[in-house]
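Visitor: Start counting the sequence shown at 1123; every next residue gets the next number (this note's numbering).
Just to be clear, a hint being listed does not mean it is correct.
Within a straight-line C-alpha distance of at most 20 Å, the following computed PhoX-like cross-link-like pairs (lysine-lysine) qualify [claimed, not checked]: (1) 1580 / 1684; (2) 1580 / 1537; (3) 1684 / 1659; (4) 1580 / 1530.
Simulated from the structure, these hints should not be mistaken for laboratory data.
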Amino acid sequence: MTSSDLSAGLDGLDHDDGLPPLLRRPEAVADPQPVTRLRRARKALLANPDVSLDEAAANVVTSGVVDPLRLEALLAAAPSGLLTAKPVFGGTLYATAPHSRYLDLDVLPDIINQRWAGQLRTAMDVVPSTFLSTVYETLIDPVSGKPVAVFTVRMQDRKALAQAVAESMYHTFHAQKGENDYTQSVLQQGVKEPLTLFVVRVGYGDGSEDTFLVTGDGNSRLMSMWLARTGGDIDAAISACIASVIGSLDRPGARSRAEQGQARQRATELTMRTRKHLAASTMTEATRREGHTIAFPATVVVGARADDDGPLADLVAARDDLLANLHVRVTPWTREAQNTQGMQRVYRHALREGRISPDVYRVLSGTVGAQEMHDLLGIPANRLWSAALHQHVMLAGSGAYAMNRLVKQEFGMAKADRQRISERLAPMALSAYRSQDGIEQPVRAFGNGGTITDRVWKQPWALTQGGEPSEVLDDVLDRALAGEAGAVAELTVLGGTAAILDGYITRDRGSKEGTTRDSRTAPFRATPVNLLEVLSKTAGGLRMLHSIARAHVSADPAILAKQFHTQDREVEGTHVRDGDPVLDMAREQVVIDYEWDLVYAADPARALATIAKNSGESPNLEAEDVRQRRILSSSIASACGAARTLARMRQSRGPEVFGHGDTVDDLRAQLRQVEEILLRFGPSQASFLFHEDEVKGE
1123 MTSSDLSAGL
1133 DGLDHDDGLP
1143 PLLRRPEAVA
1153 DPQPVTRLRR
1163 ARKALLANPD
1173 VSLDEAAANV
1183 VTSGVVDPLR
1193 LEALLAAAPS
1203 GLLTAKPVFG
1213 GTLYATAPHS
1223 RYLDLDVLPD
1233 IINQRWAGQL
1243 RTAMDVVPST
1253 FLSTVYETLI
1263 DPVSGKPVAV
1273 FTVRMQDRKA
1283 LAQAVAESMY
1293 HTFHAQKGEN
1303 DYTQSVLQQG
1313 VKEPLTLFVV
1323 RVGYGDGSED
1333 TFLVTGDGNS
1343 RLMSMWLART
1353 GGDIDAAISA
1363 CIASVIGSLD
1373 RPGARSRAEQ
1383 GQARQRATEL
1393 TMRTRKHLAA
1403 STMTEATRRE
1413 GHTIAFPATV
1423 VVGARADDDG
1433 PLADLVAARD
1443 DLLANLHVRV
1453 TPWTREAQNT
1463 QGMQRVYRHA
1473 LREGRISPDV
1483 YRVLSGTVGA
1493 QEMHDLLGIP
1503 ANRLWSAALH
1513 QHVMLAGSGA
1523 YAMNRLVKQE
1533 FGMAKADRQR
1543 ISERLAPMAL
1553 SAYRSQDGIE
1563 QPVRAFGNGG
1573 TITDRVWKQP
1583 WALTQGGEPS
1593 EVLDDVLDRA
1603 LAGEAGAVAE
1613 LTVLGGTAAI
1623 LDGYITRDRG
1633 SKEGTTRDSR
1643 TAPFRATPVN
1653 LLEVLSKTAG
1663 GLRMLHSIAR
1673 AHVSADPAIL
1683 AKQFHTQDRE
1693 VEGTHVRDGD
1703 PVLDMAREQV
1713 VIDYEWDLVY
1723 AADPARALAT
1733 IAKNSGESPN
1743 LEAEDVRQRR
1753 ILSSSIASAC
1763 GAARTLARMR
1773 QSRGPEVFGH
1783 GDTVDDLRAQ
1793 LRQVEEILLR
1803 FGPSQASFLF
1813 HEDEVKGE
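I would like the entire structure built from these sequences, with the hints used as guidance.
Guide: Next up, the structure:
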C-alpha cells in the first residue's frame, strides 16, 4: 500500500474535503417490499396479545421495515416473542425489539415536542402562534370505546403538519448551542442507537385521517440523518423530510395510496442506486450520505396495558415517563419546559381522578381561546382569567390538598410549599402570555411565591362569572372592600398576576438601599407574595390591585393604574385615609409608573425610613411626566450655562476648551435631536404661528 492510499482514507476520499473519517462503510439495503407481501407481518403483529393497535396503525408499523420476515419473528406471540415490556407510570408499554426501518417511509420527528413546551403558545394567546398549541391525546377505538397504543392529534391540513415538522427539526437543531447535531457521527458510521417510535393518528380539518410514526426518544438522531442526507443545511433537511414523508402540501386530506406507492418507489430507487455505487471501487460523497441514511435501527411501541391488565388510559403520561427513564436528565431542555410538561401531566391525572371537569381541563391545556373559555365556564373572556383559573385549580379550597399531592407525586417532592408550587405553576399559569415581550421576567417573579398569600393558599374562594372584565373587577373590589375573604383572595390573584405581568412586581429587580426611582428598582426588597400580602390587607392596596387589573384588561391606553394611600396618616400637613387617592403637587392622582411606586405606596413608612438611611431626604411625590419635564428643563439649563462658560474661556484659551471637533459635532447632533423631538411631538403654540396676512403686512 502506498502513502497516497493511506492518505486517501478508508472511503477513498481525501479527509480535507470536509467529510469526517469513515469508521464504518454503509451496508447494502434491500428494496422495500410491496405492501401485499407485508400481510404476514401485519397478521403476526395484530395476533400478539400484548399489541393494542388498529389496522391503520399496524399498516404503518409493518410498511417501513427493512426485513419483514425478521419483524414477523420478533412479533410472534409464542414461543419466542421478543416484545419488550417497559414499566411506566400506571402500567406497561410493549415495544418491538430493535429492527431496521427506512428513513423515508412514514417516520416524522416529534411534532409536539415537549422539550420546548415552555415556548409553545396556546390558543389563549392574542398573537397568532407559529408553534403548535395542542397536545397529543390517547386514541380511543371508535368500535370498542377503549384506548389503544396510538396518539391522536388534530391538524388543519398537511401544511399545518409540515409546519409542525419544521418547528420540531429547527428547534432540535438550534437547541443547546448545536449539541444535538449528530451529523458527523451519522456520516462516520450511521445511526447505532435505536430510536423509540410511537404511532400517531393525525386528524385533518376536512375529516380525513393519516397515520405516521413519530420519535419519542431520538429526535436529534432523526434530524441529523436528514442533515447528513442533504449536506448539513437545516432548511434543506426540513424540506426533504416533508417532501418524502408527508408529500405534496397542495393536496388536501390524507395521503392517497398512489402517493404512498410513489414514496415506496422513490425509496426503492434510492436503495438500488446506493447498492450499485457501493459496489464501485471508490465511494462518492453522495453514496456515503445516502448509504448511511437509507435505514436506521428503531423500537416501536405497539402495546399499552394498565396495571389491572386493562387498556392504558393515558398513553401520553406513559410516554413521558418512558422518556424520563431513558435519560439521566429529564428530557426537556429548559426548566420552564420541564415544569410545563410536569404540570400537563398533573392536570391529566386530575381529570382522570375527577378533580377537574373536562371543560376546565380544555382551558388549562391551552386548546381553547378566550371567548370559548367564557362560553364553557362563564368567566370573562380575557386571558387574565385563564391565568387565574390555573391558580384557582391549584390553590383554592380543599381541592388544593389533592392537587398538592399530585404535584409532589409528579415532581418527586417530599414537600410542596408555596415556593415550590409557584415555581412549577408559573409557566402554565402565564402560558396565555408567551408571546409577550420579556415574558421570562414575569415567569421568574411568579415563580418566587407568585400570588400565594395566606388568603389565597388553601382557602375557599371562587372566580366571579360575568361577561365584561371591568364590571367583574368592580364587583370583586366592592365585595373585597366590604370584607369578603373570598373576594380579597380573588382580587389578590387577578391584580397580583396583572402587576407581575406589567412589571409592577418583579423578583430580580436588584433593589438595594439607596436606589433611585426607576425601572426595576424599589426602596426596599420584598418578594412578590410578601408585597401582595401587605397590599391585600388595606383598602388602598386593594384599590391599587383593582386599578392595575383594570388597566391590564382594558384596550384603552388612557386607562392607567393609579396609586392609593394604604395608611391613615399625615402627608405634608394633610390628613389622608387608607384608600384615598395619592395626589401629586398638581393635585392630580399619581400614576403607578414603576415598581418603586407600588412598593412605596404599600409601606410608605418603611420606604421613607430606608431612603433616609442614605439620602436623609424624603422623595417628592410627583407624576412621572412632571418629573421628566423637570429633568429636561434642568438639563437644558445646565447645558446652556456650560456652553456660555466655555465661550468666555475661549477668549483666553482658544477654541480647544470645547474639546475635539468630533466631540463638538456629537453634542450639536444631540441638541438637534432634542429640538427635533420637541418640534415633532410637543404641543404647537398658536403664538408661534404667523398668519399669511400678517406676513404680507410686514
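Visitor: Taking the earlier hints as the rules, which of them does this structure contradict?
Guide: Of the numbered hints given earlier, the structure breaks just one, which is hint 1.
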